[in-house]
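Starting from the given sequences, assemble the full structure and let the hints guide the process.
This is what each chain is made of:
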Amino acid sequence: MVAKVSVTDLHKSYGDNEVLKGINLAVEANEVVVMIGPSGSGKSTFLRTLNKLEEPTTGSIAIDGIDLTAKDTNLNKVRENIGMVFQHFNLFPHLTVLENITLAPIELGKLSKAEAQELGLKLLDRVGLADKATAKPTQLSGGQKQRVAIARALAMQPSIMLFDEPTSALDPEMVGEVLKVMRDLAEDGMTMIVVTHEMGFAKQVADRVVFFADGYIREEGTPEQVFNNPQDPRAQDFLNKVLNV
Amino acid sequence: MHSKTWMKYFMLTIALMVGIITTGTDIAHASKEPHYVITTDTTYPPFELQDKNGKYVGIDIDILKEIAKREHFTYKLVPISFNSGAQAVLSGQFDAIMAGMAITPARKEVYDFGTPYYKTGVIAAISKNSNIKSLDDLRGKTVALKTGTGAAAYALSIQKQYGFKVTYFNDSNTMYNDVALGNTVATFEDEPVMKYAIQNGVKLKILTKPANSGYYGFGVKKGHNQALIKKFNAGFASIKEDGTYDKIVAKYIGAKESNFAGSAKVNNSIWGLLKQNKSQFLAGIGQTLMLTILGIILATIFGVAIGILAIIPNKFSHGFASTIIYIFRGLPLLVLAFFIYIGIPSLTGHKLSALFSGLITLMLNEGAYIAAFVAGGLKAVDNGQMEAARSLGLSYGKAMLKVVMPQGIKLMVPSFVNQFIITLKDTSILSAIGIIELTQTGTVIISRNSQGFRVWFLVALMYLIMITLLTFLAKWADKKFGGN
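Chains A and B are the protein sequences, given in the same order.
Residues 1 to 245 (UniProt numbering) are what the first sequence spells out, left to right.
Residues 1 to 484 (UniProt numbering) are what the second sequence spells out, left to right.
It is worth saying that the hints were derived from the structure and are not from the lab.
A quick note: this is a predicted structure, and the numbers were derived from the prediction, not measured.
Quick reminder that beta carbons are idealized off the backbone N, C-alpha and C, glycines included.
The reader is advised that the hints may include incorrect statements.
[As the list claims (entries may be wrong)] Calculated cross-link-like contacts (lysine-lysine; reagent style DSBU-like; alpha-carbon spacing at most 30 Å):
no.	chain 1	residue 1	chain 2	residue 2
1	B	Lys402	A	Lys122
2	A	Lys110	B	Lys398
3	B	Lys315	A	Lys4
4	A	Lys52	B	Lys222
5	B	Lys65	B	Lys222
6	B	Lys402	A	Lys71
7	B	Lys398	A	Lys77
8	B	Lys315	A	Lys71
9	B	Lys221	B	Lys203
10	B	Lys398	A	Lys136
11	B	Lys480	A	Lys132
12	A	Lys113	B	Lys65
13	B	Lys475	A	Lys136
14	B	Lys479	A	Lys132
15	A	Lys136	B	Lys480
16	B	Lys65	A	Lys52
17	B	Lys479	A	Lys113
18	A	Lys136	B	Lys479
19	A	Lys77	B	Lys402
20	A	Lys113	B	Lys402
21	A	Lys113	A	Lys21
22	A	Lys21	B	Lys315
23	B	Lys480	A	Lys52
24	B	Lys410	B	Lys315
25	A	Lys71	B	Lys398
26	A	Lys122	B	Lys398
27	A	Lys132	B	Lys398
[As the list claims (entries may be wrong)] Here are a few chain B residues that face chain A, going by a calculated C-beta distance under 8 Å:
no.	residue
28	Gly384
29	Gln385
30	Glu387
31	Ala388
32	Arg390
33	Ser391
34	Gly393
35	Lys398
36	Lys402
37	Gln407
38	Leu411
39	Val413
40	Ser415
Shown next, in the form of structure tokens:
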């Protein structure tokens, strides 16, 4: 079986500064992979290369067997299949909550306006915000914004979801509501790649934990392996710091 | 939904513009008689002046009309500042000039002249209460000259000898006022014109005997329009022979200007001025508004296109847009207008109407400013917006149109209102290429009645009223459509 996501020897440099130094990773369908590591380790950059918001310098990325680095690949088509959730939500402030969700499916001709609205309301209900359809993003709390952002990504009915530190910009009391939505999504079988500092989420939900440091993957395994018995000294050091505060 | 209405307005505008441009340009005449475009000065009484109905009359105008009738040709008269008209004949914009143009050796190098039709000489004039006794007293002082005239050339030829400084004006009346008010101490002018002006109340007196005596001539670009010169000469011989010429000259020389331009009584009240010149002011306002509105529409289309090119992540488009903004924002509007109106036709040989040139000038200049703040406004939208839209699969164009632009435009609205006001004011500069908008209307009316203060006061008031109304309109539109 072909892996859902397959990354081979991926490098990324900004000028002389190499931030990804040869990443290899395969993610299977329905798998939840959580990426942890110190700031500046390259995990967010890596996540952003997976839908080509960052252009890799060398190496290859394949999603469902489609090579993203090939010149003739229709990137827009590939992106329709990869939802992304950002640290700062990036909701469209000039649109209502429902319009945020329905914009892409309507514009890309995936759904009629009525179908998109129906789906949008269903998704809002799923993230617990059915009553906010006509609100503007500025009227929402951080946790609500992030849940709308998740619903917006889901509206394109993607088969992979990328989360880039989805709870880092939230007040502590709002982290739980977002993680709950993500947990539900994982239980429904969504393939997810998550960059996060929420170790509890990683332990409970991840099928696999990947530890990044200095542009390399230093450690990789089940949550039990990585959290209870890390092999790499950098991973030991990092986990020691974040788990024993 | 909205895009369709937008498109309709857009098409309507284009249609309107094409209409204006084509009517502004000369359409082929139905009659078999040859048709010419002939320029004259805006104000050079008694040779050319506007009567109280705004129609051009004067020795030049009447002679031309009579000759055209006898020699069977038609023409369109384009009044424009003397210097611009003289250049535009050389660039091929106009076929001929009939504007009290003295025949000088230098001009003979580039123009062919018809039979000399009026004797002239250059005199110096000073303010009525000036104590200057001779040209020697001008040493170290500043004299006023009219750009591109024979009198100016004469003054420059004696400048070293008498040691005066010079400053330039584009129309006679402003120049006379400058001397009368004492800003400059003297002016050099053609004798018949100066005499006529003094006789009609300009507070100057003549200082010197006519120098550099010569004749006025009807000019065409050297080697061109020889048939027109032949017709002029034949017609001139005919009106000279039967006394028509003398009648025309007698009609103006010695006659009070008020015979043509209306009585002086009305000039003493603002209401009187307003009433008497109502139709001219209205036409001027109409022209100014038309230039402003069409100008800002064209500039917005151009500016938004260039502004978007400036932020597309592509080196070529970015470089192209930056260069366009740099050039057209850097050029003074007047230089750009002259370049398009006079410069380009002399290169290509194709005439451009003043209105067309004016609109293109506004489009490029105001458009460059718009492009700069459009690019700035779009850049000010958080990059995360573009990333979020792209991550959903939207193309760059769709993401720009549906996500980035609606947010950027809100940031730009105040700049748009500002640019609208600037454009309205900038249209006044286009008077230099002969568009009779509000400012030029003021100049022309003053040339007739010498009421500088009252007329400029009225013109200033009209600009302020227009700007106030347009600002209200813009704010209302912003509230209604911008959602601010």
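### Task
With a cut-off of 8 Å on the beta carbons, see whether B/Leu411 makes it to chain A.
Violated. Min distance 11 Å.
### Query
Against chain A, is B/Gln407 within 8 Å by beta-carbon distance?
5 Å, holds
### Message
Tell me if the straight-line CA distance from A/Lys110 to B/Lys398 falls inside 30 Å.
### Response
It holds: about 15 Å lies between the C-alpha atoms, which stays within 30 Å.
#### Entry: 30 Å Cα cutoff - pair A/Lys136, B/Lys480
19 Å, holds
### Given pair status - A/Lys71, B/Lys402, alpha carbons within 30 Å
26 Å, holds
#### Entry: Interface hint compliance - B/Glu387 to chain A, C-beta minimum distance less than 8 Å
6 Å, holds
### Interface hint status, B/Ala388 versus chain A (Cβ within 8 Å)
4 Å, holds
### Message
B/Lys398 and A/Lys77 were given as a pair; does the straight-line alpha-carbon distance stay at or below 30 Å?
### Response
14 Å, holds
### Query
Does the nearest C-beta of chain A fall within a distance shorter than 8 Å of the C-beta of B/Gly393?
4 Å, holds
### Task
Take a quick look at whether A/Lys77 and B/Lys402 sit within 30 Å of each other, Cα to Cα.
It holds: about 18 Å lies between the C-alpha atoms, which stays within 30 Å.
### Hinted contact B/Lys398 with chain A - closest CB pair below 8 Å
Result: holds, 6 Å to nearest chain A Cβ.
### Query
Taking only the CA atoms, is the gap from B/Lys480 to A/Lys52 under or equal to 30 Å?
39 Å, violated
Taken one by one, the earlier hints fail for this structure at numbers 3, 4, 9, 12, 16, 21, 23, 38, 39 and 40, listed in ascending order.
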